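S.K.: Sequence:
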Amino acid sequence: MESTTFFSLIALVPLLFFLIKIRIRNRSVPPGSLGIPIIGQSLELLKAMRADRTEEWLQERARKYGPISKLNIFGTKTVFLTGQAHNKFIYSSDEQTLSNKQPPSVRRLLGERNLFEMSSEDHRRLRGAILSFLKPEALKQYVGKMDQEIRLHLAHHWHHNQEISVMPLMKTLTFNMICTLLFGVERGERRKTLVRLFEEVVDGMLALPINLPFTRLNRSIRARSEAGAIIRALIREKRAKLEREEGTPDEQDLILSLLSMRGDGGPLLSDAEIEDNCAVAMIAGHDTTSTLLTFLIKLIAEHPHVYQALLNEQEEIARGKKTASEPLTWEDLGKMKYTWRIATEALRMYPPVMFSFRQVLRDIQMEGYVIPKGWQVFWAGCMTQLDGSIYPDPYKFDPSRYEDQAAIPPHTFVAFGGGPRMCPGYEFARIETLAMIHYLVTRFTWKLCFEENKVSRDPMPVFKQGLPIHIQMKKPLSDDAIL
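Under the working numbering, residues 1 to 483 are what the sequence shown spells out, in order.
The hints are simulated quantities; they were obtained by calculation from the structure and are not laboratory data. Be a bit skeptical, because a hint or two may be false.
What the hints assert, rightly or not - Calculated lysine-lysine pairs in the DSSO-like style (CA-CA distance at most 27 Å, straight line):
(1) 396 <-> 335
(2) 335 <-> 135
(3) 335 <-> 474
Model, not experiment: these values are computed from the prediction.
Start from the sequences and build out the full structure, keeping to the hints where you can.
M.R.: Spelled out as structure tokens, the structure:
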């Protein structure tokens with residue numbers, strides 16, 4: 001009897017150690033509440049986003065719990081991180097500490113083999129393949145095509161004296177730019193179908209992870225499936241083109257570039273990787289740049305002194321052209337210093353993406369707390385951009401902040417990411433933004449139709465009325481420039 005009791009006690013020792021470990025861990029996790037199971041704080045966050053209170057919601061959380069706290073987002077135990085030190089932590093963490101892991105709805109819509117889900121060697125391989133097309137040296141040859149696409153857009157949609165809705169037109173421009181330069185998709189029904197499908201995909205990016213026929217997520221999943229079929233057809237067509245031409249064709253695009261690359265043992269990328277990352281390029285390149293351009297038009301209209309300084313810079317570049325039809329060049333873009341400072345300040349104040357996600361791969365000791373392995377990281381990196389202790393008078397639009405880039409504290413401006421996670425489309429977005437602003441300020445004047453223009457995030461900022469403006473043409477586009 002005694003021996004039975006003894007062995008029973010011995011058997012309980014591992015269980016006791018386990019329970020003690022769990023209790024200690026629970027006591028040392030960051031402060032906060034996990035809320036209602038599955039739902040957690042997801043509905044609160046989504047409600048704040050749609051009411052354009054995302055920033056306030058994040059700030060209130062930081063004031064209540066500090067820069068690190070626990071919550072439940074999309075059914076997952078989550079740690080909230082914000083602040084300069086945590087930005088540095090995100091960028092400097094090794095691959096044994098954090099991995100890319102998006103919420104279930106995002107992962108389902110972008111695909112399992114997209115860049116945001118990759119880590120270690122897979123991430124380096126995939127990022128390197130994409131950058132082979134999007135790096136500055138490669139993009140130089142596409143400045144003329146981007147110039148032509150912008151002129152064509154303005155000729156079709158921006159007329160002499162009228163009221164227009166900016167955001168839908170900017171989405172049209174950026175989508176057409178991606179279709180032309182990244183995918184080589186001609187104007188027509190296929191392009192129209194793609195834009196409709198990807199708008200439906202974006203609609204469910206931050207939906208609750210409930211896949212039922214009547215939910216937003218389900219509608220987005222069905223749209224992603226249809227869009228994927230079109231992308232796979234494009235991949236097959238372009239592979240056949242490569243085989244016919246027995247080499248790299250003169251007319252290059254992102255899909256052809258990725259298909260052309262080879263590793264030691266054959267193709268560098270699988271068709272699934274090409275498909276999923278085409279979806280990422282379509283969503284990221286379409287919505288983020290159109291959002292930036294829309295806010296730029298609003299901010300320029302609200303600040304006449306900024307408009308005048310911008311106009312001076314752009315007219316100096318225009319005067320260097322022999323004819324009105326001569327396109328912009330890479331060298332012209334390099335002269336647009338003030339223009340890019342304006343764009344940078346717009347991104348600081350109105351970042352298209354306010355937060356992102358990671359997954360914890362091992363227990364992390366941080367500021368006296370333990371972040372358990374398997375938890376999700378909800379990282380509000382852009383909050384440093386609105387911190388008055390870092391950027392004085394943070395709600396003032398002031399492009400002069402960037403006259404001395406070295407004066408900007410590290411890890412505080414994160415609109416394009418940083419380190420090995422720097423946005424691979426940064427240079428593409430920069431060229432598109434600079435070229436569009438050049439033609440807008442040299443060809444048009446505009447004024448806002450309303451003093452108040454309400455915004456909702458779903459998941460990116462959207463002007464509820466599209467940002468209506470009244471435009472007046474100063475100088476027509478040369479007809480031969482858009483043929």
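S.K.: Determine for every hint whether it applies to the structure shown.
M.R.: Hints, verified against the model:
1. 396 <-> 335: 25 Å, holds
2. 335 <-> 135: 19 Å, holds
3. 335 <-> 474: Holds, because 23 Å separates the two Cα atoms, which is no more than 27 Å.
The structure meets every hint from the earlier list without exception.
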